[in-house]
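Residue numbers (my numbering), protein chains in the order written: chain A, 1 to 96; chain B, 1 to 224.
Errors might be hidden in some of the hints.
Simulated coverage check for chain B against chain A, where a stretch passes if three residues somewhere in it have a Cβ under 8 Å from a Cβ of chain A [as the list claims (entries may be wrong)]:
#1 169-179
#2 206-217
To spell it out: a stretch of chain A is covered by chain B in this simulated footprint if at least three of its residues, at any positions, have a beta carbon under 8 Å from a beta carbon of chain B; those stretches are [stated by the list, open to error]:
#3 14-23
#4 53-67
These aren't lab readings, by the way, just hints derived from the structure by calculation. All C-beta atoms, glycine included, are put in the ideal place defined by N, C-alpha and C.
Given next are the chains, with one letter for each unit.
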Amino acid sequence: LPTGSHAPRLKENEVESISRFLTENGMSADPIWLVEAHRRGLSLAMAKTVYDQNRERYEGFSRKLRQPAEITGAALFNAFMLDCERHLRNRGYQAI
Amino acid sequence: MNRKESYINDKRRVSYLSSVYYRISHRKSVLIEGGYGAGKTRFLQLIQPKKLKAVWVESLFNVHEMLSAILRDLDYEARASYRKSPGYLKLICALSHFFLLIDEANDLDRRVWPYLKRIIDAGVPIVLAGLPKVRTFLASEHPDILSRLKTLTLYPIEVEDFILQYKDFEPEAIEQIYASVKGDMRKFEEILTDCREKAKELNHAFVGVNLVLSLLSESEQIQP
Numbered sequence: 001l002p003t004g005s006h007a008p009r010l011k012e013n014e015v016e017s018i019s020r021f022l023t024e025n026g027m028s029a030d031p032i033w034l035v036e037a038h039r040r041g042l043s044l045a046m047a048k049t050v051y052d053q054n055r056e057r058y059e060g061f062s063r064k065l066r067q068p069a070e071i072t073g074a075a076l077f078n079a080f081m082l083d084c085e086r087h088l089r090n091r092g093y094q095a096i
Numbered sequence: 001m002n003r004k005e006s007y008i009n010d011k012r013r014v015s016y017l018s019s020v021y022y023r024i025s026h027r028k029s030v031l032i033e034g035g036y037g038a039g040k041t042r043f044l045q046l047i048q049p050k051k052l053k054a055v056w057v058e059s060l061f062n063v064h065e066m067l068s069a070i071l072r073d074l075d076y077e078a079r080a081s082y083r084k085s086p087g088y089l090k091l092i093c094a095l096s097h098f099f100l101l102i103d104e105a106n107d108l109d110r111r112v113w114p115y116l117k118r119i120i121d122a123g124v125p126i127v128l129a130g131l132p133k134v135r136t137f138l139a140s141e142h143p144d145i146l147s148r149l150k151t152l153t154l155y156p157i158e159v160e161d162f163i164l165q166y167k168d169f170e171p172e173a174i175e176q177i178y179a180s181v182k183g184d185m186r187k188f189e190e191i192l193t194d195c196r197e198k199a200k201e202l203n204h205a206f207v208g209v210n211l212v213l214s215l216l217s218e219s220e221q222i223q224p
């Protein structure tokens, strides 16, 4: 069987894809909260929509914060999750 | 308690309160379920109908103490006693100008439930509040009681309501606190108090998001 970098990789699941997307955009994702949100309807497509709709808010928020990068990342993730909650609520899903 | 002072303008809670008033005015009972810190106790404190006296029942009491305590609250002389409990139950079932409020219903002794059923059936409304496990317990052990109750599930208040309520906090600051407590409103209020105290120490008239994040990271409430 091939080993190391040649070994076949498992395809990432949707929560992992959302997490990677958020990390690429400077957020520190909490996997437990993401799993919970996914269970209640959050998809990668929805995460991208919410992010795009609020991009300016996150950029402004990020500029405003005078915190270490990890705390800023966690704070951005919190803001993102609350936006997801609003989005899901408007679409008739139960609150996260 | 002044309703305006203590009540956050949350549409779901307003609707629940109307539903509770409707039920108890029709001599029917209600179960309010919610997780830790969802605001069950505060919600119960808001139930103050004009025509019915509220009698708070301690859920840790055994059945004899409970029956006598209800009667004492209604100005009867009653001493908890095994022998007198049947008479007390009969008297409670015959009265009609009050309703019972039972918080922490998850603490109720399982032997109390059949007595509560008799009281419900006599037309004395009971408003119970407890963790979701109360409903699970009733569904398996006393489906007949559960069928007599309307269940209202209390979710934590939405962040927008808090933003409107706490004008001395930056909206983003409230969001960060709200997100970090994950629905525990007791913890939410504790953090609000800590932040206000810190802002006072620093002579800030307004609680900003950076101050909140610093406090949350100190208390490990926010973690990367």
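Hints versus structure:
1. Restraint check on the segment 169-179 of chain B versus chain A: 5 residues with Cβ-Cβ distances below 8 Å, three needed, restraint holds.
2. Under a criterion of three residues with beta carbons nearer than 8 Å to beta carbons of chain A, the stated coverage of the segment 206-217 of chain B is upheld, 5 such residues being counted.
3. Here the segment 14-23 of chain A counts 0 residues with a CB under 8 Å from a CB of chain B, which misses the bar of 3, and the coverage is violated.
4. With a cut-off of 8 Å between beta carbons, the segment 53-67 of chain A has 5 residues touching chain B; three or more are needed, and the interface restraint holds.
Going through the hint list in order, the structure does not satisfy hint 3, though it satisfies all others.
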